[in-house]
Each structure stands twice: as C-alpha cells, then as structure tokens.
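Chains as they are written, first to last, in our numbering: chain F, 113 to 456; chain W, 113 to 456; chain L, 113 to 456; chain V, 113 to 456.
Read the hints as simulated data drawn from the structure, not as lab findings.
None of the values given here were measured: they were computed from a predicted structure.
Please note that a few of the clues may not be correct.
Put simply, identical chains are the same to the list, so a pair is met inside one copy or across any two.
Unchecked claim - Below, simulated BS3-like cross-link-like pairs (lysine-lysine); rule was C-alpha separation at most 25 Å, straight line:
hint	residue 1	residue 2
1	K381	K250
2	K193	K321
3	K413	K439
4	K439	K381
5	K193	K398
6	K249	K166
7	K381	K249
8	K321	K250
9	K220	K166
10	K160	K381
11	K193	K250
12	K413	K249
There are 4 protein chains.
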Amino acid sequence: MNARLNIGVIGLGRLGRVYAEDLARYVPAANLVAVADTSANVAERFAKEYGVPKWYESHRDLLHDSEVAAVAVITPTSTHKDVVVEAANRGKAIFCEKPISLSIAEAKQMLDTTQRTGVFLQMGFQRRFDAGYIDAKKKIEAGIIGTPVLISLISRDPFAPPLEFCNPKASGGLIVDMGIHDFDLARMFVGEVANVYSTGGALAYPEMKSIGDIDNAAVNLVFQNGALGVVQLSRNAVFGYDIRTEIWGTKGSLQIGYFRHTPVLVMTKDGISHDVVPHFMQRFDKAYLAQIRDFVDNVLKGAEPSISGEDALAALQISLAATQSLKENQPVTVRMRSEVNTSN
Amino acid sequence: MNARLNIGVIGLGRLGRVYAEDLARYVPAANLVAVADTSANVAERFAKEYGVPKWYESHRDLLHDSEVAAVAVITPTSTHKDVVVEAANRGKAIFCEKPISLSIAEAKQMLDTTQRTGVFLQMGFQRRFDAGYIDAKKKIEAGIIGTPVLISLISRDPFAPPLEFCNPKASGGLIVDMGIHDFDLARMFVGEVANVYSTGGALAYPEMKSIGDIDNAAVNLVFQNGALGVVQLSRNAVFGYDIRTEIWGTKGSLQIGYFRHTPVLVMTKDGISHDVVPHFMQRFDKAYLAQIRDFVDNVLKGAEPSISGEDALAALQISLAATQSLKENQPVTVRMRSEVNTSN
Amino acid sequence: MNARLNIGVIGLGRLGRVYAEDLARYVPAANLVAVADTSANVAERFAKEYGVPKWYESHRDLLHDSEVAAVAVITPTSTHKDVVVEAANRGKAIFCEKPISLSIAEAKQMLDTTQRTGVFLQMGFQRRFDAGYIDAKKKIEAGIIGTPVLISLISRDPFAPPLEFCNPKASGGLIVDMGIHDFDLARMFVGEVANVYSTGGALAYPEMKSIGDIDNAAVNLVFQNGALGVVQLSRNAVFGYDIRTEIWGTKGSLQIGYFRHTPVLVMTKDGISHDVVPHFMQRFDKAYLAQIRDFVDNVLKGAEPSISGEDALAALQISLAATQSLKENQPVTVRMRSEVNTSN
Amino acid sequence: MNARLNIGVIGLGRLGRVYAEDLARYVPAANLVAVADTSANVAERFAKEYGVPKWYESHRDLLHDSEVAAVAVITPTSTHKDVVVEAANRGKAIFCEKPISLSIAEAKQMLDTTQRTGVFLQMGFQRRFDAGYIDAKKKIEAGIIGTPVLISLISRDPFAPPLEFCNPKASGGLIVDMGIHDFDLARMFVGEVANVYSTGGALAYPEMKSIGDIDNAAVNLVFQNGALGVVQLSRNAVFGYDIRTEIWGTKGSLQIGYFRHTPVLVMTKDGISHDVVPHFMQRFDKAYLAQIRDFVDNVLKGAEPSISGEDALAALQISLAATQSLKENQPVTVRMRSEVNTSN
C-alpha cells in the first residue's frame with residue numbers, strides 16, 4: 113500500500129500557487145488537504161478550483177489541523193520564523209522556501225526549534241533539482257573536471273520588480289534576494305566560503321537608490337579550500353532570464369545554462385535570432401516540481417532532507433557577509449555557525 | 113461548474129501508457145474511467161497503480177461501457193480501423209494515434225463512419241503541439257519569412273527497432289512509420305503535395321533487407337503550389353534523436369530543432385561536448401500532454417478537431433506514394449481524396 | 113635554393129582578382145609575372161597596383177610569354193576549353209577554376225590534350241581546402257563515423273545574381289553553377305554517383321523563368337555503393353551565405369558549416385541575434401589562398417594534382433545528369449567517363 | 113605614388129616573428145629593411161628566409177641605421193624602456209608591444225621622451241583589432257545596448273607557461289601579464305577605472321607558488337562612472353583558449369567570444385563534440401596583422417596612434433593596482449597619471 117502525505121500549503125502568492133498546483137495535480141504521493149493565505153478569498157478560490165477540501169485565512173488554523181502532516185511554507189520571508197517555529201511545535205514536517213530568514217539569529221532559532229522537536233525540515237533551493245545542475249554535480253563527483261578551482265555564477269533578471277516589492281528590508285536586497293541561490297550552488301559545487309567582497313550600484317534603475325537597494329552587483333568569493341568564486345547579479349538582462357554557472361577545474365570545465373527557450377531560429381535580413389528564457393518559472397518549472405516531490409518522498413520514506421536548515425543558514429551567512437562587504441567596501445570574513453554561536 | 117470528460121484508453125503499449133498516465137494525472141479536465149489492453153494483466157496493473165476504476169481485456173467491452181464518453185485509441189495500426197469504426201458506432205468521441213491506417217481503403221471507411229455517425233475524431237500528430245512548431249507556424253503566418261519555397265524535414269532515430277517490431281507489413285515500413293510525421297508537417301507548413309520521389313536502402317542495418325524494410329531514405333516533394341520539399345529519414349543517428357525542420361521563404365527562413373537535452377557543456381582536453389536528446393519521449397513529452405489535453409478540451413467545448421481524419425488520410429496518401437516511388441524508382445503523383453474516391 | 117614559380121593569371125573578374133592578389137602578395141613561392149584580361153585597362157591597372165611586370169589583353173599573348181611557366185585560368189567557363197587547350201599546347205602548368213566546362217565533349221577534349229601534352233592540370237574546388245572540410249575528411253578516414261550512408265549538402269546564396277549574369281547558357285544553370293561544388297564534395301566524401309533525380313523551380317525570383325533558370329532545387333543522389341545523397345540549392349538565403357554538409361555514418365555523424373561570421377551576440381528586448389557569413393568570399397577566403405598555394409607547391413615539387421581533370425569531369429557529369437533529370441522529371445543514370453567515350 | 117614605410121623589427125621571439133613575417137609578406141605598405149635579435153643566428157636566419165636585407169645582433173645598431181624610419185619593439189618587457197627611449201631619441205616611429213613596462217616610473221619616462229622628441233608611438237593591444245571587438249564597439253557607440261553598467265571579461269590560457277617563463281619579476285605576474293588585455297578592453301568599452309579588488313591563488317599548478325605567481329585570479333573593478341567590472345584570469349582552460357567579453361547595458365547586452373575553431377561537429381555515441389580555439393595565435397592571427405598594418409598606415413598618413421602610450425600607462429596602472437590588492441587583500445584605488453605625477 114502506498115501511503116500518501118497529507119500536506120498543507122501556507123502562502124498562495126505567485127510561487128505558493130505553483131507549489132500548491134503541483135501538489136494538487138502532479139505529486140501523486142501527496143494529498144493536498146488544506147491551503148492558507150492571509151487573503152481568505154485567495155485561499156477559498158484556489159481550494160475550490162483545485163478541489164482542496166479545506167482553506168484557512170490563518171496559518172495558525174492550518175497548523176492546528178490534525179489532518180495536516182506536513183506543510184510547505186511559501187510566505188514572505190519575514191514570517192518564516194514564526195510559521196516554521198509554530199509548525200515545528202505542532203510536529204509538522206516542514207518544507208520552507210528560501211531564504212530561511214534575513215536574520216541569522218532568527219534562522220538559528222528556527223534550527224534550534226526543529227532540532228529540539230525533531231521535526232523534518234527541508235529547505236527550498238530549486239536549482240539543485242534542475243536536470244542541468246544534477247548532471248553537472250554527478251560529472252564533477254565522477255572526476256571529469258578534476259578539482260574545482262574557480263566557479264563563476266551569473267544570475268540576471270529581465271527587469272527589476274516594482275519598487276514596493278524589492279524593499280531591501282523585506283527582500284534583503286539584491287545580494288540576498290538573488291545571490292542566495294548562487295551562494296547555495298557555490299557551496300554545493302565547491303565547499304564552504306571563507307571570505308567575500310562585493311561591489312554594486314543602482315546603475316540601470318537609479319530609482320532603486322530611493323529604497324536603498326542596488327540593481328547590479330559583483331561578489332568575489334574565496335573558499336576555505338582556496339578556490340575562487342565570482343558571482344554576478346543583475347536586474348537588467350532586458351532580453352530575458354539568464355542563469356549560468358561555470359565550474360573550472362584542474363582537468364576541465366563545465367558550463368550549465370543557456371539562452372534559448374524554444375528551438376526556433378529565425379533567419380532574415382536583420383540577421384539570425386532566437387528567443388530566450390523569459391523568466392524563472394520557464395527555466396525552472398520542472399525543478400520546482402521535482403523539489404516538492406523530493407520533499408514528499410523524503411518525509412514518506414523517513415529520509416534525510418536533501419537541503420538542510422544548516423545549508424540555508426550557511427547561504428544566508430554568505431549573503432549577509434556579502435551585503436556587509438558592499439556597505440563597508442572591504443572584504444568580509446564569513447563566520448560559520450559555530451563561530452556564530454560563540455559570538456552571539 | 114467544470115464538466116470533466118469520462119475517457120477510456122485502449123492499448124497500453126509504450127505510448128498508450130504515456131497517454132493514460134497523462135490522462136490520469138495531468139489533465140484535470142479528464143476523468144480516466146477505464147483502460148483496455150489485450151493483456152488483461154497489463155490493464156489491471158495499470159488501473160490499480162493509477163487508480164483507474166475499470167479495466168478491460170477487450171476494447172469491445174470498454175466501448176460498451178456507457179460511462180465512457182471518449183476513447184484514446186493507441187493500439188497497433190492494423191487494428192485502428194476496427195476499433196475506430198466500432199467506437200464511432202458506439203457514439204464515442206475518438207482520439208486516434210497516427211498513422212490512421214496503412215490502407216487508404218480502410219482510412220476512407222473510418223472517415224466515412226465517423227462522418228455518418230457524427231462522432232468527434234481527432235488524430236494524433238504530437239509534433240504539431242510542440243512549442244517550437246507552434247511558434248514557427250505563428251511566425252510564418254505573420255509573414256516573417258514571406259512565402260515558403262522549400263521545406264527540409266529531418267527525422268533520425270538513434271537506432272533501429274528490433275526486426276520483429278519493424279516488419280513493414282505492420283509498420284508500413286520506414287517511409288510510412290517515420291516519414292508520416294514529416295509529411296504531416298509539410299502539409300501544415302506549405303500545403304498539399306503533388307509529387308514525390310524516394311530513394312532508400314538498408315545501409316546501416318543490412319539485416320533489415322530480410323524483412324523488406326530500409327533504414328535510410330530521402331524523399332523529394334513537389335507541392336501543388338510549386339514549392340519543394342526534402343525529407344530525410346534514418347535509423348542510425350547513433351548519438352541520439354534528431355528532429356529538425358527548416359522552412360525557407362522568400363524573405364527569410366526558420367529552423368526548428370536542436371541536439372541538446374540538458375544545458376551542460378563539458379570542456380576537457382578531448383574538446384567540448386554536450387549531451388543529446390535521447391529519444392522521442394524526451395523530445396516531445398510535453399507535446400504528447402498538450403495534444404491529449406487539446407483533444408479533451410475540444411470535445412468538452414464542442415470545437416473542431418485540431419487534426420482531422422482528412423489530415424491523417426492526406427499524410428497517409430503521401431507516405432504510400434513515397435513508398436511506391438521507392439519500389440518503382442519513379443516519381444509518383446499523390447492522389448487527393450476525391451481522386452481516390454473516383455479511382456476506387 | 114628555393115625556386116619560385118613564374119605564373120600568370122588569365123581573367124581578372126571578381127574571383128580572378130582574388131587569385132591574382134593572393135599570388136602577388138601571399139604566396140611567397142609564386143612570382144606573378146603577368147596578368148591578362150579582355151579589358152586591357154583592367155589588366156594594366158591591376159598590374160600597376162600590384163607590381164606585376166607584364167599585362168596583356170589577349171590570353172594568347174600571355175600564353176606565348178616564355179617567362180610564364182604556369183597559368184591560372186579564371187575566365188568565363190565558356191572559354192575554358194580554348195584557353196586550357198592552348199595553354200597545354202604551350203606547355204604551361206595549368207590551374208583551372210571550376211566548372212571545367214559546360215560540355216562533356218569539351219571537357220574530354222581538354223583532358224585528352226593535357227594528357228597528350230603531359231602538362232600539369234589542377235582544378236579549382238576551393239571547399240576541399242577549407243579547414244572544416246579537411247578536418248572532416250581526416251576524421252572519416254580515421255573511421256570515427258564508420259561507413260558513410262547518407263550525405264546532405266546545402267548551398268544557399270544570399271541573393272540571385274543579376275539576370276544577365278546567370279543565363280544558364282553561360283552558367284549552366286543553378287544545378288551546374290552552384291551544385292557542382294556539392295557534387296564534388298559528395299564524390300570526395302562518399303564515392304561515385306550512380307543515379308540522380310532533381311526537382312526545382314523559379315520560386316523566389318519568378319523572373320528567372322524568363323531566362324530558363326531556377327532559383328531552388330533539390331537533387332537526390334544514389335551512389336554506386338548504395339549510399340544516399342541529398343543536395344539542396346537555393347538563391348534565397350536572404351540572411352547570408354549558408355553552406356553546410358552533414359555526413360551520416362554507421363557509427364556517427366559529422367556536420368560542417370556555421371552561420372556566424374563574427375563572434376558577437378546581441379541581446380536586446382527583440383531577442384538574441386548574431387550576424388552571418390555574408391558571402392562566399394568571407395566563408396572561403398582562406399580556402400582560396402590555400403588552394404592556389406597548393407597548386408604552386410605541387411607544380412614546384414612535381415607532385416600529382418590535388419584535384420584532377422577527371423574529378424572535374426565527374427562533377428560535371430553529375431551536374432548535367434541532374435539538370436537533365438529536372439527537365440525530364442525522371443531519375444537519370446550518371447554515365448562514367450568510359451561509358452561516355454563509348455556513347456559518343 | 114605610394115610611399116612605403118621602411119621598418120625594422122627588434123626582437124624575434126614567438127610574437128616578434130609573427131610581426132616580422134606579417135611585415136615581410138602581408139603589409140604591402142611596409143618595407144621590412146632590418147631585423148634585430150640578441151641571438152645573431154636567429155636574426156640572420158630569419159632575414160635570409162624572408163629576404164630582409166639587413167640583420168643585427170644589437171638593437172642599437174638597428175636604431176642607428178638611417179634607412180630605418182620606424183621600428184616594432186617586440187622585446188622582453190624589461191627592455192622596453194631602454195629600446196623605446198633610444199628609438200625616440202633616434203627619431204624613429206615606434207610600435208611597442210604591451211605591456212609598456214612593469215614600472216610606472218619607467219612608463220612615464222618613455223612617454224616623456226616620446227612627447228619631448230615628438231616621435232610617433234603606438235602601443236600593441238591586438239584585441240582591439242579583432243573583428244568581433246570592433247563590431248561590438250560600433251554597436252555600443254550606436255546605442256544598441258544603452259549605457260554599459262557591467263562588463264565581464266574572461267581570459268583563460270590552456271596551460272601555464274614553463275616556470276622559467278612566467279617569473280613575475282619578468283612577466284609582472286598573472287594579473288599584469290594576462291589581465292592587462294582585459295583592463296585595456298575595460299577602458300575601451302566602459303571608461304576609467306576607480307577601484308580594484310583582487311583574489312587569486314596557485315590552485316591548478318601549485319608549483320607556481322615557488323616563483324611567487326598565481327594561476328587563477330578574479331578582479332573586481334569599479335569604474336569612475338559607477339559601472340562594475342569582473343575580470344577572470346586563468347591558466348587552466350585545459351581544453352583550449354577562452355577569451356570572452358560580455359557588456360551589459362541598460363537596453364541590452366553584447367557577448368564577444370566563442371569556443372570553436374573549425375565549423376565541424378562530431379556526433380557519436382559519446383555525445384556531440386567540437387574543437388576549440390587552441391591558443392592566442394589561432395584566435396587573433398588576423399588581429400595581429402590588422403594591428404601592424406594600422407601602425408604602418410598611421411605613420412604614413414601622419415595620423416594619431418590608435419592606441420596611445422597613455423592608454424598603455426592606464427592599463428598598467430590598473431594591473432599594478434590589482435596586483436597590489438591581491439597582496440593586501442584590500443580594495444585599491446587606481447591613481448590616474450596626474451595623480452601619479454604628483455605622488456612621485
């Protein structure tokens with residue numbers, strides 16, 4: 113007999129709806145029993161459209177629903193701590209979208225609670241579930257490129273979000289909001305980061321200065337093993353969504369990434385042209401589905417989380433150190449958790 | 113209220129299982145109520161795994177199931193006529209995988225029956241539902257390349273099927289089995305075909321001669337509007353699955369197709385390399401899903417079929433004429449349906 | 113001591129000037145001692161600009177110049193026979209641009225004369241000297257793709273020449289004029305051609321009908337060894353110059369060709385675009401130089417010609433058979449030279 | 113009448129021979145009248161092979177040759193100052209290969225001397241003469257990508273030079289030796305650099321530590337106009353030579369660079385692969401020729417140098433600042449010449 117996991121989704125924003133729809137339709141091992149959104153309307157409409165039996169305005173009510181065995185937390189980052197801590201105290205298995213928090217203290221509190229309660233916590237970094245990154249990881253582990261010595265990571269959005277959505281107090285700012293994906297990949301491919309140095313500016317959208325954020329950044333990494341990293345972040349890849357990673361080793365190199373969405377090439381007197389990947393949902397749609405399936409499977413099998421809270425904390429530490437470096441115009445040492453513990 | 117279409121799948125071979133799984137999980141507007149396969153075991157196992165309420169050994173029993181409003185016919189081509197005629201007589205809406213038949217007389221009988229009974233018949237040519245082909249079609253209709261004057265169509269399989277599976281009596285032979293997709297695209301992009309000329313041989317797998325089939329063919333087309341076509345078919349794209357279409361117009365050209373499956377580039381002393389599209393399921397998985405969704409939507413909305421039985425007949429006529437040309441080593445005129453009617 | 117070859121160039125049209133400039137400046141082993149052009153002005157101006165000591169209006173005068181040891185014949189095709197025969201009778205080593213002639217009888221007369229006089233004759237098919245084709249040939253000989261079973265050859269010009277320049281009486285028509293390069297490559301990569309079948313039309317430039325020529329053609333080849341060939345010829349690759357060859361073997365495949373001229377990619381809201389190879393001089397400039405150097409070296413070393421008159425005759429025979437097939441709408445058997453001898 | 117420039121080449125190492133051969137054969141406006149090399153044998157052999165009338169062991173003798181109007185200085189960097197100053201004092205027009213010097217004081221002395229004597233000085237940065245970079249520059253000036261906000265520059269060599277050739281005392285170390293090209297391009301595309309920060313290590317060839325050099329570096333740039341730059345340098349692109357530049361603007365982006373040398377694609381069961389650009393001579397051979405032609409033309413026409421000594425000094429200042437940043441692990445402000453003057 114195949115047990116199914118009774119799961120609830122908290123937060124039905126753009127990404128929350130993606131996860132909820134995936135869980136409702138495309139994850140046979142999951143049983144989406146409830147959704148919650150601070151807009152009761154949104155929750156009700158989604159529930160009716162997708163045949164979800166229960167909907168809630170308050171995440172608290174969902175967390176008190178004893179039928180719910182696991183939750184996917186896709187709420188604004190500022191609420192992650194409260195929701196995750198409460199979910200842990202209610203004994204729910206937890207999937208939490210990145211970033212874990214904008215505060216190391218909060219993140220630590222979340223990890224301490226899940227550790228104490230023994231609940232399952234898996235973090236969301238969907239790129240790790242993309243076929244390209246999975247294949248690259250396997251090839252590196254097979255020794256095809258020798259020892260990695262330099263990783264170059266590029267994340268470029270096709271446009272800046274509306275000013276009200278990218279207030280750095282809520283988003284953490286460009287380096288946290290976009291860079292955390294790259295810092296997570298950097299750790300996955302190369303190891304722990306020792307030092308960071310950042311430059312940046314509001315260059316394409318000067319109005320971003322008014323909210324204290326930037327639209328372009330370059331972050332240098334030095335890993336504990338001596339390897340180097342270069343992270344480029346931008347909001348003005350006006351042609352489309354550009355995510356690329358290159359890993360250079362002693363015996364060879366790997367590139368992951370591409371610019372094309374459909375395999376159509378147009379050839380006219382104006383030259384040869386093709387389309388692009390429009391945005392992250394087009395690039396990573398399968399990865400989001402694979403990720404939430406993986407969470408469901410891990411909970412059902414009692415396996416370890418594929419991406420732990422410690423992973424999320426480490427990526428946050430790098431993000432915050434890189435943000436600090438930008439402000440101070442100085443290299444910043446990344447403190448590891450134990451050091452963090454000591455220093456708090 | 114959203115009505116759902118009660119549908120049954122007849123035939124659970126490799127492709128039948130794909131459609132059945134899509135219908136069970138990924139087509140919310142469909143309700144997969146029954147499956148049938150000549151191996152009762154296969155039908156039962158699938159039904160239990162996917163929660164399908166009913167399963168049958170005989171397609172006849174499924175067609176007599178009054179709960180079934182529509183059927184997807186994914187059986188061997190030689191049985192299409194019997195199944196489709198009976199389904200039409202039972203008043204079921206019908207989705208039938210290509211090719212409609214290997215016999216023009218049979219195909220005509222199928223069309224006559226569906227016409228007489230007024231049932232809905234939609235044929236399967238999944239490439240028409242691929243994002244690349246859809247985009248190309250739109251661009252051509254928008255006039256970007258002017259008037260098409262030459263179309264080049266390439267279909268290459270990574271290997272030949274086992275001899276027992278490609279007996280030309282069952283498959284129609286290479287030109288029908290593989291080429292019918294390209295002939296269908298040729299009609300979609302350029303128009304009706306007037307003449308064909310074929311060359312071919314059992315060149316990479318000489319053992320195919322023993323069953324009277326070939327593994328490579330080149331078919332020239334002349335369209336009624338004077339445009340030219342070149343179709344290349346092969347079983348020995350040993351590196352992977354290679355489907356490409358190029359359309360050359362008076363003002364520009366379009367290419368559809370690519371060789372890469374994942375966006376990973378490996379760079380070592382041996383050069384730069386990347387992977388390929390392994391086989392048709394990897395290339396067209398989304399297209400199969402889009403196609404069966406389209407069928408379900410059309411039935412529910414009472415819309416016209418996206419690909420009609422007449423379309424399927426026309427592609428068959430080209431395929432058979434091209435096969436005849438190979439035998440006779442002469443150009444062959446493609447007879448249109450009305451001419452066929454007259455001549456039979 | 114390094115002897116240098118005293119050479120004269122006959123014909124200073126577009127391509128003649130390319131060869132003459134190469135010989136004057138970039139072939140140290142050659143000494144360009146004379147040029148001839150039916151326009152004395154052109155000859156004189158070129159000679160003065162490039163420091164060539166002698167210039168002639170009549171090729172006959174150049175051929176009587178005893179200082180001239182070798183000639184490059186880059187005149188209109190219709191004059192090849194007269195010039196080459198006379199050059200052979202004057203004992204000059206001869207480089208002759210393709211096509212050797214438009215008439216098999218003339219070509220035979222040329223070969224007979226050079227054979228009788230024992231002069232060195234090397235034909236021009238510059239693609240054989242392109243780095244891509246050279247590399248492909250080596251890889252095939254090394255067995256990388258096994259036995260070739262199908263060759264696909266594409267030649268597309270960005271525009272049709274002015275009507276007065278493409279009169280098929282002078283050019284041989286599209287299939288001879290453009291296709292002869294592909295037929296030569298087909299022989300080089302796969303072997304002798306047994307049968308051809310052609311389709312074609314004046315589709316993009318209907319005015320070409322007025323001179324009895326076409327602008328698009330598709331030619332199917334069957335080789336004596338059973339392999340297949342597909343040749344596509346077009347005058348309406350309006351975006352640029354498109355030369356591609358694909359060779360499909362039992363163990364793998366090779367592609368030669370590309371669309372890009374400079375390595376610049378432009379990415380804007382309109383998509384991603386790049387430039388193209390504008391025309392044959394941009395694609396094959398190095399090949400023309402390598403070819404004329406090879407001729408000079410072969411003469412100086414007493415080596416065999418890299419491309420013989422027999423090669424040129426064979427390519428002509430295929431071209432004429434393909435042209436005949438177009439007129440008759442029938443497959444045509446390609447007669448080999450010995451057969452030709454018999455039948456004349 | 114076309115005057116030709118009597119030129120001498122000083123230094124016949126690998127690159128010196130390239131320039132000398134280009135001048136001897138492929139620059140009609142130049143007359144290579146003399147070569148000099150500290151190995152008299154090398155000079156004599158080259159002169160005889162290429163028909164150069166005079167050869168010298170000492171550059172001083174060449175500079176005293178009154179027939180010599182211009183010199184190309186392709187000697188080791190450490191000798192640039194002495195040779196250029198003496199050439200200036202002898203009134204010769206000077207082409208000097210990059211880097212101008214490893215010392216800002218020396219470079220200033222060179223500029224002061226050429227300024228005082230009024231001789232023509234043009235510096236060598238061949239990438240500026242590559243068709244790709246020229247095209248990109250034109251497109252940016254035409255406004256296609258709006259205002260540049262970030263430039264990413266990659267230089268990767270396929271292997272490290274022998275330890276004895278990359279002693280940083282002679283080469284300046286990785287950041288000067290390789291990076292100076294990228295710093296020059298950065299100035300050309302974006303403007304003057306304000307700050308630099310570098311990380312690096314001897315990661316792929318640990319033996320480089322023994323000579324005090326590194327094999328990988330990442331250098332962040334902040335331009336005076338606020339734009340950002342990222343420079344990646346590496347000696348372990350083991351597959352080939354990888355030079356890429358990306359310029360990201362407010363309205364679009366440009367990429368320059370590619371991995372392929374010949375247009376041949378190999379497709380076998382191992383996947384799809386192609387070759388690479390082996391080394392800088394294959395990538396930039398035409399650029400070296402275009403550059404030395406440009407020098408000759410500018411001298412003959414009395415035009416301004418395309419790349420001035422000030423340009424060379426600015427690139428050196430960035431290189432040295434970036435090298436200093438690596439040592440200090442701190443961002444370093446790049447001092448402009450006037451500031452340099454003040455501070456010396």
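- Task: Return the numbers of the hints above that this structure violates; sort them in rising order.
- Result: 2, 3, 4, 5, 6, 8, 9, 10, 11
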